[in-house]
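Chain B: place on chain W using the hints.
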Amino acid sequence: MSHAHDAAAHRAAVEAWFARARHLPDDALLIAVEHVLVRLWLRSARALGDAPLRVLFHTTTRRASARHPVLATVTADEHGPSLRALRAAPPGARADARALESLVTELLTVIGHLTAEVLTPALHEELASDDATAATAPEAAP
Amino acid sequence: MSPVATERAASERGCCTVLLELPRRAHDRGATVEGERLQALQAIGRALGRADDVGGAMDEVVAITSEVLPVRHVVVTTAAEPAAHASIWLPADERPPEAANALAHALRAHRYLAAPGGVIDVPPLVGPVGRPMAGAFLALPLAVADRPCFGVLLVECVEPPREIDLVFTSALAGELATAIERDASRRGVDERDAARVRQNVLAVVCHDLRSPLSVILLTIASAIKEPANADRRHRGRRDLERIRSSARRMAVLVEDLLDTASIEAGRLALSVVEVRVGELVAEANDEVRPLARARSIRLATRVAASVRPIRADGRRLHQALVNLLANAIKFTPAGGAVVTTVAPATGGAVLVSVRDTGPGIAEADRAHVFEPFWQLERTAHVGTGLGLFIARSIVEAHGGSIWVEPGRSAGATFSLLLPATPAPTGGAGLRGA
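Going down the list, the sequences are from chains W and B.
For reference, each letter of the first sequence is one residue, going 1 to 142 in the numbering used here.
For reference, each letter of the second sequence is one residue, going 1001 to 1433 in the numbering used here.
Okay, chain W solo, but in the shape it has when bound (with noise of 0.2 Å):
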């Protein structure tokens, strides 16, 4: 697999996510890509574990952000990232959907290029399982 193909392959799959979480509102959107981080997450700590994962998110971070600077506000903790600084944002000031997806993509990018794409099949299918709508469900009910 070229790293061409990678980065074609890293995209389809986060563009399929955003497509069925298309529809949330801009608060929706934060709580479920916050969701689907922490997922991504979990399963790339099960190999590489907190410390190092902790430094890729942070290297993903600085590289998204230099293209969406609204991004260098997302950070992670031993529990995983969080999106809270941007969920806090007013709402002309907060990432757009493309932000999002870029962020996403690149801690796609950033981890299978430096583990050789070894996680890469694992995480898609993290991304294609995960029901975008579901993290926000319990709050949308009344």
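Since the hints were derived computationally from the structure, they do not count as laboratory data.
Don't be surprised by glycine CBs; every beta carbon is placed ideally from N, CA and C.
There could be a bad hint or two in this list.
[What the hints assert, rightly or not] From the structure, some residues in chain W lie toward chain B, with a derived Cβ separation under 10 Å: (1) Glu-78; (2) Gly-80; (3) Thr-115.
[To be verified] Label pairs and their in silico Cβ distance ranges: (4) Glu-1191/B x Thr-133/W: 38 to 48 Å; (5) Asp-1146/B x Arg-46/W: 17 to 27 Å; (6) Glu-1191/B x Ala-134/W: 52 to 62 Å; (7) Glu-1159/B x Asp-77/W: 27 to 37 Å; (8) Arg-46/W x Asp-1053/B: 25 to 35 Å; (9) Asp-131/W x Arg-1162/B: 48 to 58 Å; (10) Ala-1265/B x Arg-67/W: 58 to 68 Å; (11) Arg-1182/B x Ala-8/W: 40 to 50 Å; (12) Gly-92/W x Arg-1046/B: 36 to 46 Å; (13) Glu-1034/B x Ala-88/W: 39 to 49 Å; (14) Arg-98/W x Ser-1185/B: 15 to 25 Å; (15) Arg-67/W x Ser-1185/B: 31 to 41 Å; (16) Arg-1182/B x Ala-85/W: 27 to 37 Å; (17) Thr-133/W x Arg-1046/B: 49 to 59 Å.
[To be verified] Which residues of chain W face chain B? A partial, calculated answer using Cβ under 8 Å: (18) Leu-24; (19) Ile-31; (20) Gly-49; (21) Val-118.
Here is chain B on its own, set in the frame of chain W:
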């Protein structure tokens, strides 16, 4: 596997690269189980723990790694401002050193490095020396807990790695990161200790040499300035005594500093002859008697008749005893006493105890009293703080031991146990007679 090429070069990024190239070998990957990898990691941990530094353990680490992971190269890059160097090991018959150098250059050019801010530079999609990466590179950050990334472990596998290989490599990165941090911490402590000792030496030299030197200069200046009348001649002898006393203080300090330098360099030489410790104690008491008299302190000695002569450096033991006695006198209030006892011990050894009636030594301080310059740091500059350190070094050079205990009611008791024949440790040199 031995180093065949070492390259040192400046780098604008500042990196340190240790590159190890392994021979290809057949790996029965199906037979590799978790237990073997766990054992390999434990062996790697032991190898890193045994070595003085990570670089010294890398041959063994890579050899162990190659037993469980089909690796072609293992590269460790760490940020090491401002200089950069690459040390390269490879089997002599595998590739010429030029190829290894080219590999190191390529690795640096492709920046598998920790970047400022604790992130990893993700390199271009081409492997070293023009080889396609072919999904065979694992690049794991070197980081401990939540501290910033300071390096990268790069492993090129012979075959595309599996997740189990990634798990192992990530754990290996953790072991290396911990060991590298430990090295750095150790170096930092050594450097801080060296800086502290330098500062203390300077403080001692500045204070302890300046004071007697001032006395000498002022006394001479006064003698030159005053007319040579009868009164001046009368005071001449007293001035000369003052100059001699100050010069002696300076000489003692210089001797202490030179002895300390010799001890720390492991060059404390002993000239061993048969000596009677009771006689050495008596001579040491005679030497410090003027000091004790000036402070109205009583000196007493009790030597058991059954004490046998021992083989030792008499001059050095005398020096150690004088240092112990001078220390005891210094901390004993006027009207007190310093009592030295000499008794036989097992195997022809001799036990010497110097007991004073001073304020004693707090338990927390007892562990530090034999450290060089310690006293200087903890008191209002009473002496150089080298006497007890020198005494301990002399006793230990004989294979003996020295310790301090609180007195029964007050004061402190310094004891030293001297073997019948020296059993030197460390860098002490022996000359027999």
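Per-residue hint verdict: Thr-115/W, partner chain B, C-beta under 10 Å: 6 Å, holds
Whether the CB-CB distance between Arg-46/W and Asp-1053/B falls inside 25 to 35 Å: Since the Cβ atoms of Arg-46/W and Asp-1053/B sit about 32 Å apart, the hinted range of 25 to 35 Å holds.
Hint check: 8 Å Cβ-Cβ cutoff, Val-118/W to chain B: Cβ of Val-118/W sits 5 Å from chain B, so the hint holds.
Hint check for Arg-1046/B and Gly-92/W - Cβ pair distance inside 36 to 46 Å: 58 Å, violated
Minimum beta-carbon distance criterion (8 Å), Leu-24/W to chain B: 30 Å, violated
Supplied distance hint 58 to 68 Å, evaluated on CB atoms of Ala-1265/B and Arg-67/W: 59 Å, holds
CB-CB spacing for Ser-1185/B and Arg-67/W relative to the 31 to 41 Å hint: This hint holds: roughly 38 Å between Cβ atoms.
Restraint outcome when Glu-78/W is required to lie within 10 Å of chain B by C-beta distance: 8 Å, holds
Satisfaction of the hinted span 49 to 59 Å by the C-beta atoms belonging to Thr-133/W and Arg-1046/B: Holds, since Thr-133/W and Arg-1046/B (Cβ atoms, about 51 Å apart) stay within the stated range.
38 to 48 Å as the expected CB spacing between Thr-133/W and Glu-1191/B, which holds or is violated: Given about 58 Å between the Cβ atoms, the range is violated.
Closest C-beta approach of Gly-80/W to chain B relative to 10 Å, hint status: Hint on Gly-80/W: violated, closest Cβ of chain B at ~13 Å, above 10 Å.
Assessment of proposed distance window 39 to 49 Å (beta carbons of Glu-1034/B, Ala-88/W): Cβ of Glu-1034/B to Cβ of Ala-88/W: about 43 Å, so the range 39 to 49 Å holds.
Checked against the numbered hints above, the structure violates hints 2, 4, 9, 12, 14, 18 and 19; every other hint is satisfied.
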